[in-house]
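Undergrad: Residues per chain, in single letters:
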Amino acid sequence: MTTVLETESLRRQFGDLVAVDDVSVAIDSTEITSIIGPNGAGKTTFYSLLTGALEPTDGRVFITDANNERDELTGRPTHEIARCGLSRAYQINNSFPGMSVLDNLRVARIAATGRSKELRTRYRDDTGLTESAREVLQMMNLMDVAETTVSNLSHGDKRKVEIALSLATDPTVVLLDEPTAGMNPSESADMVELIKDIDETTETTFVLTEHDIDMVLDISDRILVLHQGRLIADGPPATVMDDEAVTTAYLGEQP
Amino acid sequence: MSDVHPLVERPPRSVVAVVGVLLVVAPLVLPSFQTYLLTEVLALALFATGFNLLYGYTGLLSFGHAMFFGTAGYTVGIFMRDVAPGLGLGGATPLVGFLIAGVLGVLVAVAVAVPVGYLSVRLEEIYFAMITLSFSMALYVLAIQNYLGLTNGSDGFSVILGTATLGGFDLALYDRVTYYYLTLLVVAPAMYLLWRIVRSPFGLVSEAIRENAERTGALGVGVRTHRWAAFVVSALFTGVAGVLIAPLHGSLSPGANLHWSISAEPVIITVFGGPYTFIGPTIGAFFFEYIRWGITQFPVLEAHWQLIFGTLILGIVLFAPRGVSGFVSWVVSRATGGESA
Amino acid sequence: MTAGLPIQEILTGLSIGSRLFLVALGLSLIFGVLGVLNFAHGAFYMVGAYATASIVGAVGGNFWVAAVGAALTVGLLGAVVEFGLIRRIYDRNELDQLILTFALVLIISDLTRTIWGSGTQTVETPAAFAGNVPVLGVSFPAYRLFVIVVAFLAMGVFWYVLTRTYVGQLVRATSSDRDMAALLGVDVPRLYTGVFAVGSVLAGLGGALTTPIQSFTPALGDQVIINAFVVVVIGGLGSFTGAFVGAMLIGLFQSFGVLVATGVNQLLPFLAMILVLIFRPEGLFGGEEL
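Chains as they are written, first to last, in numbering that gives the first Met the number 0: chain A, 0 to 254; chain B, 0 to 340; chain C, 0 to 289.
Hints should not be assumed to be uniformly reliable.
[Said to hold, decoys possible] What follows is a set of in silico ranges between Cβ atoms, one per label pair, in the way DEER data are often shown:
id, chain 1, residue 1, chain 2, residue 2, range
1, A, Pro184, C, Val79, 51 to 57 angstroms
2, C, Asp90, B, Arg121, 25 to 31 angstroms
3, C, Asp90, B, Arg333, 35 to 41 angstroms
4, C, Thr162, A, Gly39, 28 to 34 angstroms
These aren't lab readings, by the way, just hints derived from the structure by calculation. Here the structure is a predicted model, which is why all the values come from computation and not from measurement. Beta carbons: idealized from backbone N, C-alpha and C, even for Gly.
For reference, chain A alone in the conformation it holds in the complex:
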């Protein structure tokens, strides 16, 4: 097992409310990991703690990159954490709506290559930049809409742009937040295939949160279950789905 992302007793409190309670996980780079749990279980808060959008009340976060260097992420600003290789796709589309799809990806590529202060070149004419942006478009089947303004896209395509952005920085780990939110069954199935494809062809490790249990069972090598901020199960799908604690969490105490 090669640990790529780990947390140590990660905790986040809002006054008396404990949103994330002493969560310790080690994400394996060879697996697709899903995080599930009833609403309010703390999944999105957990993500925010990882990416630096929220500061942990306690605990630590580490990432290990392709060169086997372990970096502590705890308490660092969001943009630094992103540059360490941790990327996130949001549940609600969070892209650049007034810009074209291609420009959206150009921004990500510029950020990934540390060129955001560059004044000399012209981004439109930079073939290397445009090519690397188009590669991501290709991967996500967005070539047809490359020049379309994002705000004019269909919901499914907007989701794809959202995920494309998170992948475009060549991240070590990408956190997907309900990637199929708002999609119809056929779009969801496409998305699942896409994720499996990209997982196989790139070094990127996928972590996702989802409500769609069928999708989770289909795609995951490992499932983490959160309930009221605590990690109550951690293992392969078969084991987790049989776990009584998990059933109780979702369905309440059985008489």
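Take the given structure of chain A and dock chains B and C to it, following the hints.
TA: Just chains B and C now, with coordinates in the frame of chain A:
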């Protein structure tokens, strides 16, 4: 913004060339006062385009850009008044003095922008507008109070450029045609530089910050530092405009150079022309200047210039929020049947 | 000076602050509930002053009728402005709203000058409060004392209405969550118009009450709005306690600043605004509910 029609976003070389030729030839055919107006248009275009680098392209509305415009202008004035006469460069003094003064003026504007920007970019939206307004008004008050005895208070003082003698050839810098070409020689490359900045990776990331600052940060960009850089660059070009305007107007005063009503000018101009294209502010400058002049031709209208401008701005905000250039883009899109907003 | 305490300066400061408070309260109310920063609020204040001057002449010198009439006139103006213009831009970004209200400043300034001319106007102090009264050991103009009392009263009334009445509840609910309020049956558009009108009445009243104290010109609006901005930023946008404390602070700055050196009184408010924005951008009382 990508739904601006390409013809408006990147006008073809032929159009730029024609405009360039017209600008070069203009003073030779225009009456002297019109040349003066055109000079002011060029400087205002630079003022507004520099301002818009921060507003249209990075999403930060500054209500204090007069502080860069004014401090640059005052630096030129003070230098020309107190230092230049003692330079001892013979006939070349008026010209060289002005060039040095200009460079100093821009440096002062940048020197103001660095700390002010550092403090201001920690805020967003209204609060950013408020803090830039306060810095600018604080400087305005200092100028009125004749702080350090430099500014001569609310009366201000004159800025006069003399005649330079270069190799037996007399160059009257105060001559309107001469000053027009001087301005053009500064504004043209400055606008080109701004154009390059906007087309650069830096410029695209600025737009991304405007569209979604949070996501830009999540992609790995240090947003606050980027905004600071954009702020300083914007101030630099605004400073150049301030340097050019001071001798053109022939005088400096807090009310004409540092007051918040001066900060409002690039805002109005950009709203007129449209903040989401590169030439928007320039178009706005043309409109602003010639409407203003047109109004002075009719005393009835001149008495009500505020009403006229106010109504125009109202109309644009309500019915054409992308300004004139946005409207033109829409028209061109419809006419060519291409993709439109 | 009495016993080392500069009573005269303090009272003067409170008097300045009181006039500022009314317009700042209106500005804060409108921002807190509607989310719009009304650049034209200073212009409303100015219209209140001018209207008072006109009505006084028309009603044979009765200041009180004129002041109330002026305030209501400005309230009507505000309602019309909200209904016709502001309403169209609620979903736009704050910057568009600022620019639109700025356009209103230009228009109102121009119309003011057209109707009343650009000369200086004055209004006589109402007979009931003419002259000075002894207060805390100093002799202080009775009318200015009256204005201070009005400010404290206004604060009290607002506090009461907002925290203890049904209407106040509606206003607070709508300001914290407009959509929810609408779902619960609040007629949000009407409430907005009402709040904008009330905010305008406050500005108009502020302008009306200022007329016996200072002569004014069409530049009054510009002067006031900047000070009002400073007050609400320092106090906290949307906070009434903040508007009160902020206004009194600025009033005291102006009053004491003159003693230090000329110009300090003008500089201090901006420096204070800068400091607040750097160290506590939400304002001294910002973040607390109203």
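Undergrad: Of the numbered hints stated earlier in the document, which are not met by this structure?
TA: Of the numbered hints, just 3 does not hold.
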